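Peer 1: Sequence:
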Amino acid sequence: MTAADGEPRGPVAYVGGRLCPLAEASVPLTDRGLLFGDGVYEVYRLYRGRPFRLAQHLARLDRSARAIRLAPPSLDWPAVLGELVERNGLAGADATVYVQLTRGAPASRGHAFPPAGTPPTVFALARPLAPPPAAWYERGVAAISRPDLRWGRCDIKSTSLLPNVLANQDAVDAGAWETVFVRDGVVTEGSHTNLMAVVDGVLVTHPEGPRILSGVTRAAVLEVAREIGIPVDERPLLRAALARASEVLLTGTTTEVVPVTRLDGETVAGERPGPVARRLRDGFRRLTSRSGGSEDP
Numbered sequence: 365m366t367a368a369d370g371e372p373r374g375p376v377a378y379v380g381g382r383l384c385p386l387a388e389a390s391v392p393l394t395d396r397g398l399l400f401g402d403g404v405y406e407v408y409r410l411y412r413g414r415p416f417r418l419a420q421h422l423a424r425l426d427r428s429a430r431a432i433r434l435a436p437p438s439l440d441w442p443a444v445l446g447e448l449v450e451r452n453g454l455a456g457a458d459a460t461v462y463v464q465l466t467r468g469a470p471a472s473r474g475h476a477f478p479p480a481g482t483p484p485t486v487f488a489l490a491r492p493l494a495p496p497p498a499a500w501y502e503r504g505v506a507a508i509s510r511p512d513l514r515w516g517r518c519d520i521k522s523t524s525l526l527p528n529v530l531a532n533q534d535a536v537d538a539g540a541w542e543t544v545f546v547r548d549g550v551v552t553e554g555s556h557t558n559l560m561a562v563v564d565g566v567l568v569t570h571p572e573g574p575r576i577l578s579g580v581t582r583a584a585v586l587e588v589a590r591e592i593g594i595p596v597d598e599r600p601l602l603r604a605a606l607a608r609a610s611e612v613l614l615t616g617t618t619t620e621v622v623p624v625t626r627l628d629g630e631t632v633a634g635e636r637p638g639p640v641a642r643r644l645r646d647g648f649r650r651l652t653s654r655s656g657g658s659e660d661p
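Quick note: the sequence shown uses my numbering, first residue 365, plus one each step.
Hint data in this document are derived by calculation from the structure and do not stem from the laboratory.
Take the hints with a grain of salt, since some may be wrong.
Computed beta-carbon distance windows for the label pairs [as the list claims (entries may be wrong)]:
1. Pro442 / Arg491: 13 to 23 Å
2. Ala387 / Glu598: 41 to 51 Å
3. His475 / Asp426: 22 to 32 Å
4. Arg433 / Leu525: 14 to 24 Å
5. Pro392 / Asp628: 35 to 45 Å
6. Ala455 / Asp628: 41 to 51 Å
7. Asp628 / Ala431: 11 to 21 Å
8. Leu525 / Ala476: 21 to 31 Å
These figures come from a predicted structure and were not determined experimentally.
For each residue, glycine too, the CB sits at the ideal point set by N, CA and C.
Please put together the full structure from these sequences, using the hints given.
Peer 2: Here it is as structure tokens:
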């Protein structure tokens with residue numbers, strides 16, 4: 365819908381190089397993101413209208429695109445996305461912005477890359493974000509573990525998320541909140557979160573590499589841990605070691621720091637959020653509140 369002044373009303377999306385009402389946004393049926401999941405994406409968060417670590421999110425989007433040999437478009441991302449936020453009436457609000465790049469929409473379907481010069485499809489959407497349930501932080505969440513059957517490049521933030529979708533549905537079916545992946549006995553990450561555990565007083569998390577997505581929130585939480593004196597060890601963590609972990613935590617853009625108090629039906633940390641989770645969450649909240657949640661210098 366468009367008002368008399370020509371400005372879109374209702375949710376607004378960015379697609380095809382322009383802003384338009386979400387109800388009118390579309391991509392061709394031959395788009396490779398639709399046909400093959402041939403694309404990458406990024407999600408970042410706004411705290412009171414200010415982006416948190418936008419530069420890091422855009423750098424990860426660039427890395428993901430180049431890893432699948434997709435040349436990122438030359439755009440002034442902060443300006444484009446800032447206007448998108450403004451046009452959706454989210455200035456000063458808590459929100460998320462989703463950005464997706466695909467290999468475009470060639471005339472015919474084929475597994476090999478489309479002809480040189482095929483423009484990528486760029487899509488972005490800004491949405492208000494309601495506060496997460498207080499119970500996540502006050503009582504913790506339940507998680508289950510499943511074999512990590514994903515492809516070998518989990519560091520690429522690909523739109524091909526079917527294994528993650530199925531794993532997260534397993535959690536829902538089990539009455540849990542998240543599924544934790546295990547590969548060859550080693551805990552990697554969650555279906556939509558990174559995982560950390562406190563083992564013998566040390567905050568342990570899987571090292572960066574192809575087995576996990578390098579989370580922007582993960583990195584920020586590790587910074588907080590080091591700043592407040594919590595020892596950190598980025599190393600493979602055996603699933604068996606979680607049985608003696610005093611705390612298990614999940615981190616993510618929209619979840620921040622969430623304690624796990626039940627894993628595969630077993631109690632974690634006495635089924636109550638532990639002191640490390642509280643300290644990290646408080647420290648992360650202080651980090652996001654600096655300059656209204658904007659990027660650190």
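Peer 1: Now tell me if each hint is right for this structure.
Peer 2: Hints and how they fare:
Distance hint check for Pro442 and Arg491: the Cβ-Cβ separation is about 18 Å, which falls inside the suggested range of 13 to 23 Å. Here the CB-CB span from Ala387 to Glu598 is close to 45 Å, well matched to the stated 41 to 51 Å. Checking the proposed 22 to 32 Å range against His475 and Asp426 shows it holds: the Cβ atoms sit about 25 Å from each other. For Arg433 paired with Leu525, a C-beta distance near 20 Å keeps the hint of 14 to 24 Å intact.
A hinted range of 35 to 45 Å holds for the C-beta pair Pro392 and Asp628, which are about 44 Å apart. The hint said 41 to 51 Å for the Cβ distance between Ala455 and Asp628, and at roughly 43 Å that hint holds. Taken as a hint, the range 11 to 21 Å is violated for the pair Asp628 and Ala431, whose Cβ atoms sit roughly 33 Å apart. Between Leu525 and Ala476 the beta carbon distance is about 23 Å. The supplied range of 21 to 31 Å therefore holds.
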